[in-house]
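Student: Under the numbering used here, the first residue of the sequence shown is numbered 31, with each subsequent residue one higher.
Read the hints as simulated data drawn from the structure, not as lab findings.
Hints may be right or wrong, so weigh each one.
[As the list claims (entries may be wrong)] If you anchor each label on the Cβ, the simulated ranges turn out as follows:
no., residue 1, residue 2, range
1, Asn50, Ala102, 26 to 32 Å
2, Asp56, Lys87, 27 to 33 Å
3, Asn47, Glu69, 20 to 26 Å
4, Asn70, Ser49, 31 to 37 Å
5, Asp73, Asn125, 26 to 32 Å
6, Lys99, Asp73, 27 to 33 Å
7, Glu98, Asp118, 20 to 26 Å
8, Pro129, Lys34, 18 to 24 Å
9, Lys62, Glu105, 20 to 26 Å
10, Glu69, Gly137, 33 to 39 Å
11, Glu121, Phe95, 26 to 32 Å
12, Asn70, Val91, 16 to 22 Å
Cβ atoms here follow ideal geometry from the backbone N, Cα and C, with glycine treated the same way.
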Amino acid sequence: MEIKEKIYILKLNYALNYSNTDWVIDIIEKYKKPSVIFENGRDILSQTELLSERFDKFIDVAKEFDAEKEIAECEKKKIKIITYLDEDYPESLKNISNPPLALYVYGDIKNVLSISIVG
Numbered sequence: 031m032e033i034k035e036k037i038y039i040l041k042l043n044y045a046l047n048y049s050n051t052d053w054v055i056d057i058i059e060k061y062k063k064p065s066v067i068f069e070n071g072r073d074i075l076s077q078t079e080l081l082s083e084r085f086d087k088f089i090d091v092a093k094e095f096d097a098e099k100e101i102a103e104c105e106k107k108k109i110k111i112i113t114y115l116d117e118d119y120p121e122s123l124k125n126i127s128n129p130p131l132a133l134y135v136y137g138d139i140k141n142v143l144s145i146s147i148v149g
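Please build the complete structure, drawing on both the sequences and the hints.
Tutor: This is how it looks when you write it as structure tokens:
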């Protein structure tokens, strides 16, 4: 995945603050690029129940998050960020309600029998 798209996913993840991810996942799966939410989100969401005022506030919060700094900090600490669109995102998580947009992994996720989410 392009770094630009990873940055957008991290911004969305921050703005969602662990709330319902379903509407974001629906858009990401349809368009395959999270940047579309920032570029055309108002047009896309005009067909949904998400109020425009609420969307504007959501995007403002997402834009303020410094995802580049987050990526750099994680790289320094050898923490891998796996996003919903990455090939190594666990398929089992994609099938749950409200899957996380991003996983922060220290170690090898493929050798883990289960996943613990802290936060």
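Student: Now look at each hint and say whether the structure bears it out.
Tutor: Do the hints match the structure? See the list:
no.: 1; hint: Asn50 to Ala102: 26 to 32 Å; verdict: holds (29 Å)
no.: 2; hint: Asp56 to Lys87: 27 to 33 Å; verdict: violated (20 Å)
no.: 3; hint: Asn47 to Glu69: 20 to 26 Å; verdict: holds (22 Å)
no.: 4; hint: Asn70 to Ser49: 31 to 37 Å; verdict: violated (22 Å)
no.: 5; hint: Asp73 to Asn125: 26 to 32 Å; verdict: holds (29 Å)
no.: 6; hint: Lys99 to Asp73: 27 to 33 Å; verdict: holds (30 Å)
no.: 7; hint: Glu98 to Asp118: 20 to 26 Å; verdict: holds (21 Å)
no.: 8; hint: Pro129 to Lys34: 18 to 24 Å; verdict: holds (22 Å)
no.: 9; hint: Lys62 to Glu105: 20 to 26 Å; verdict: holds (25 Å)
no.: 10; hint: Glu69 to Gly137: 33 to 39 Å; verdict: holds (35 Å)
no.: 11; hint: Glu121 to Phe95: 26 to 32 Å; verdict: holds (27 Å)
no.: 12; hint: Asn70 to Val91: 16 to 22 Å; verdict: holds (18 Å)
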